[in-house]
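A.B. asks: So you can see what is in the structure, the chains are spelled out below.
Number of protein chains: 2
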Amino acid sequence: MSEIVQKLLSGQRLALSRLITLVENGSDKIPQYMSEIHASLGHAYYLGVTGPPGAGKSTLVNRLIAQARSQNLKVGVVAIDPSSPFSGGALLGDRIRMQDHAGDTSVFIRSLATRGAHGGLSRSTRDVVRLMDAFGMDWVIIETVGVGQTELDIMELAHSTLVVLTPESGDTIQTMKAGLLEVADIFVVNKSDREGADKIVHELRAMIEMSPSKKKWKVPVLKTQAFQNQGITELVEVLKEHRATWDKLVSPESQRRLRQAELEEILQDRFLQYFKEALNHQSNLASLIEPVLLGKISAYEGAEQVFQEIMKSR
Amino acid sequence: MSEIVQKLLSGQRLALSRLITLVENGSDKIPQYMSEIHASLGHAYYLGVTGPPGAGKSTLVNRLIAQARSQNLKVGVVAIDPSSPFSGGALLGDRIRMQDHAGDTSVFIRSLATRGAHGGLSRSTRDVVRLMDAFGMDWVIIETVGVGQTELDIMELAHSTLVVLTPESGDTIQTMKAGLLEVADIFVVNKSDREGADKIVHELRAMIEMSPSKKKWKVPVLKTQAFQNQGITELVEVLKEHRATWDKLVSPESQRRLRQAELEEILQDRFLQYFKEALNHQSNLASLIEPVLLGKISAYEGAEQVFQEIMKSR
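Those sequence lines, one after another, are chains B and X. Letter by letter, the first sequence follows residues 0 to 313 of numbering that gives the first Met the number 0. Letter by letter, the second sequence follows residues 0 to 313 of numbering that gives the first Met the number 0.
Isolated chain B, as found in the complex:
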C-alpha cells in the first residue's frame, strides 16, 4: 500500500488534502490509490444537497455540519459548481461563510475546481467523496449548484439527496419537474418565512402524489429557515429515517448498474488515453489534419484518415 494512502487511512488531514489535489489534477496515480482504499469504504453516509443558485444551500449545509458535530460526527463537504464554469464569485463567498468550522479538525470542506473537463466532474467528485469516506468521515456532504443533468449524475452517488428550493423557485420547478423528482429523496423549501412558501410546498406535494416512481419512500417536503436555524433538527431526523430505510430502497440491480456505468466511464478514458499516446507518436499528424483546419475537407473525412493512419502504424 502507498505511503500516502496509509496516512489517509490513519486519519492524517494533510494526506487527504494532497490526495484530493491529485484527483483534481488528474494524476495517473489515482487509479492505484482508489483501488487501495476500496476495502476501507462504506462507513460514511453520503448526503447530496442540490438546488438553484440562491436557495441557501451553503447556509443549510453549514447548519447540518453543526448538527452533525453536536453528535460528535466527523463531516466532509465537497462543493461543486458545474453549471457556471465562468463565474465563481458567489461560490467563493459561500466557501468563506463555511469557514465557521475552520478551526474544527473533524470538519473538512473542499470545493472542487471544475476546469473544463465536463464529463470528468462526476468521477472526480466520486473519488473525493470516497477519499473522505476512507479518511473516516461519518458524513460526506456533496453540495452542487443547479439541477441539470450533471447534478443528477453526481447525485447518483449519494445515499440521500436533498433538493433545496425557495418560495421563489416556481420557475425552476416548472422547468425541471421530472428531473427534480428523479433526484430528490427529500425536498426542502428554505427561506420559508417568505411569501409563497406554503404554495410551493403544496405544489411539490401534488407533484410527488402524481409520480409513480417513488413508491417505497414517500418524498417528504420540509420547510426550513437555515439562516435562523429553523427546521434543521426536523430535517436531520428525516435524513436519519431515509438513511435507515436506504438498504430497502436500493436494489442490488441498481447498485450493479451504477458500478457498471462507473467501470465503463473509466474504461473509456483508459482507451482514450491509449489513443492519445498513439496520436502523439504519429509524426505526420500536422500535415494530416491541415486540410480540415483549412476547411477544405470535412472533420469526419479528416478523422477517418487519421484513424486509418494510426491503425496502419500499430
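Rather than coming from a laboratory, the hints here were simulated on the basis of the structure. Treat each hint with caution, since some may be false.
Copies of the same chain are indistinguishable here, so a pair counts whether it falls within one copy or spans any two.
Keeping only pairs whose Cα atoms sit at most 16 Å apart, straight-line, the calculated EDC-like set for lysine to aspartate or glutamate is [claimed, not checked]: (1) K6 x E300; (2) K295 x E35; (3) K217 x E181; (4) K28 x E300.
Chain B is fixed; fit chain X onto it per the hints.
C.D. replies: What follows is chain X alone, placed relative to chain B:
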C-alpha cells in the same frame, strides 16, 4: 455521391427530413454524408437564439421567420432543449406554436431529440445545421433553452448569437454573468413592456462596458415585445449589421481552433467505436467485470484488467 445527398442538394424536403433522422439515430452513414455535402456549405447564415426558459424565444423565432420570409429568404430552425432531458411539455407546446409556418415549404422546423448522449448533442446540432445549409436555407436558426455550458458549446457554431432575457431575468444574469457575455453578440430584453425592463437593459449595458473581451463589436441591447411584434424590424437590422461585420470579427485562428475541436471530438468517438467493437469480441468480459459489479474490487482495478486483456488479444 449518395442518392439521398443528391436529393438534399436539389432541395428535396423529404431527403432533408430523412437525413436529420439519421443524424438523430447516430447512423454510421453520417460521416460519409457530411463529407459529401462539405463542398456545398457556406451559404446560410447561422443564427443562435438562447436564453432561460420562459423568455419568449420561440415567439421571437417565429417573428424572425416571418421577417425572413417577407424578404423571400428560406429558413431552417433547429430547436434543442439540452438541459431538461426529462421534461418536454413546454417544448412540445413551443413546437406547436411554430407550426404557424407549417404550410410554407420554404420553412423547415425540426426539434432535436436529446436522448441521453450528452456530448453528442453539439455534434448532432452541427450536422443538422449543415444539412439545412446544404439544402439551401438562407437562414438557419439554432434555438436552445438555457444558458449552461452545453448551450455555449452549441452556440460556437452560430455566426450571431442572440441571448433573450426578460425583465425578470435578474437572477440569471447574476449567475451567468461571464458565460452570457462570452456567448452573446446581441442581447434582447423581451417582454419589455413589463416592469424592470429599463433596469435590466441598464445592467446589461454596464456589464458590456466593463467587459474587455468585446472590442470589435459592441454588443447591442435591444428591447422587444415578440408577442406584439414590437422591435423585430430593428432586431433584424442589427442582425444584418452583425452578419456584415462577421468576417472582420472572426479570426482565422479561432476558425482553425473550432475545426480542430470538432476533429478531435469526432476522432475520439471513432477510437471509442473501435474499442467498443473490441469489447464485444472479448468473450470472457462478463466474468472479468463481475468483481466490480459485486463491489469486490474498485472500478479502476477492473477497468485496467479489461484493458490489459483486450490489448493481449489484439
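A.B. asks: Hint by hint, say whether it matches the structure.
C.D. replies: Okay, the hints, checked on the actual structure:
For the identical chains of this complex, K6 and E300 are neighbours neither inside a copy (51 Å) nor across copies (21 Å), given an alpha-carbon limit of 16 Å. For the homomeric pair K295 and E35, the shortest alpha-carbon distance between copies (12 Å) is at most 16 Å, but the shortest distance inside one copy (50 Å) is not. For a Cα distance limit of 16 Å, the shortest separation of K217 from E181 inside one copy, 13 Å, qualifies, whereas the shortest one across copies, 43 Å, does not. Taking the shortest alpha-carbon separations for K28 and E300, only the inter-copy value of 12 Å comes in at or below 16 Å, while the best intra-copy value is 36 Å.
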